[in-house]
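Order-wise, the sequence lines are chains A and B.
Sequential numbering of the first sequence, starting at 1, is according to the numbering used here.
Sequential numbering of the second sequence, starting at 205, is according to the numbering used here.
Fair warning: there could be bad hints in the mix.
A partial selection of chain A residues facing chain B, derived with a Cβ cut-off under 7 Å [what the hints assert, rightly or not]:
id: 1; residue: Leu37
id: 2; residue: Val42
id: 3; residue: Arg49
Read the hints as simulated data drawn from the structure, not as lab findings.
Keep in mind that this is a model prediction, so the values were computed, not measured.
Quick reminder that beta carbons are idealized off the backbone N, C-alpha and C, glycines included.
Here are the chains, one letter per residue:
Protein chains: 2
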Amino acid sequence: MLAPLDTLVGTLSRLPGLGRRSAGRAALALLREPERLLDPLVLALREARAEVTCCSRCGAFTVRSKNPCSFCSDATRDGSSVCVVEEPADLLTIESSGAFRGRYHVLGGKLSPVRHLGPERLRIAELKDRVAREGFTEILLALSTDMEGDATAGYLAEVLREWPSADAPVRLTRLAFGLPADSGVSYSDPLTLRRAIVHRCSVT
Amino acid sequence: MLAPLDTLVGTLSRLPGLGRRSAGRAALALLREPERLLDPLVLALREARAEVTCCSRCGAFTVRSKNPCSFCSDATRDGSSVCVVEEPADLLTIESSGAFRGRYHVLGGKLSPVRHLGPERLRIAELKDRVAREGFTEILLALSTDMEGDATAGYLAEVLREWPSADAPVRLTRLAFGLPADSGVSYSDPLTLRRAIVHRCSVT
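So that you can see chain A by itself, here it is in the shape it has in the complex:
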């Protein structure tokens, strides 16, 4: 294949969700319609690169002209509760549920001994700082429901015990386990089902 095309396919295929095959299709489409596809993409990438930054408080993406971000500076949001997510993308998903109106804190990942990601790589010190300074009374952990997410939750529970003080420690909660919406028993894996049974609730 042509070297510049090959390089383009290579860089595109590093993106999540784009395999080598779809990256190839995307590259050919970009070159077939450069005015409609390639030029606007270069422009959007450069603009995002120049303007988007991480909120100095919560770690979510924001624009340089708005730091702290709109979630951190919105006075109408509940300042007593903070939701801890792994990635900025998780924040947007939770926000779209409309069920949480507090603050956010982006950890930047989860603990993973296998991938050598220790607690020093996560924004845990920043979280402790914010709990002390902003006076959150609840931390809602919205982490992955896999082994690494569980390990991260366990580590945070350890670190935040008796924080910010032994008399008034912050309350740690996590998202409920159970069946997903629009699903059913026969679509669920055994672990999900076991958790849904253990955490069963009354029909009201």
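Since the structure of chain A is already known, use the hints to place chain B on it.
The following block gives chain B in isolation, referenced to the frame of chain A:
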């Protein structure tokens, strides 16, 4: 969502194979690791934009410094046969089969009354020119096996009848119909099966 991020997701989701959801994931990944993902992508896009062009002869992608392209200028390829494809991507797929060693000609699409793509949008005049000048004795049509592909093949057969001369017209062939490899009767749709039966061949 943030305006620059929104624009980026919008431009990414115009690419084939990227829905709104995967474009969002890709955009966040690009911003999370700009040095590893975003900067190389901008570079690769700009380089491809600057260096890749269409071969003046066959219409396939090539680099500016190599025009006509390597398929057109390779003296070891069979100059008597030309394979007509819709898009440059098709050419690469056929080339990877290793079964064709002649020249190529990119039509630039197929006839589509529904999408108002008439013959004037396709590189048909260029094909006629090449048949006369390069003396191809066979045109292998490698078009889609849908109604639009069939209509295009029918139109080309009409246009190329008695071309370049009534005594020695070019022979038009097309890819065989039948079952795909690594498949079986129960995976096939009725039309494929009907064609596979009509075009059945002896077991040798």
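Right, here's what the structure says about each hint:
With its C-beta approaching chain B no nearer than about 6 Å, A/Leu37 sits inside the 7 Å limit, and its interface hint holds. With 7 Å as the threshold, the beta carbon of A/Val42 comes within range of chain B, its nearest partner Cβ sitting at about 5 Å, so the hint holds. Below 7 Å, beta-carbon pairs count as interface contacts, and A/Arg49 has one with chain B at about 6 Å; its hint therefore holds.
Checked against the numbered hints given earlier, the structure satisfies every one of them.
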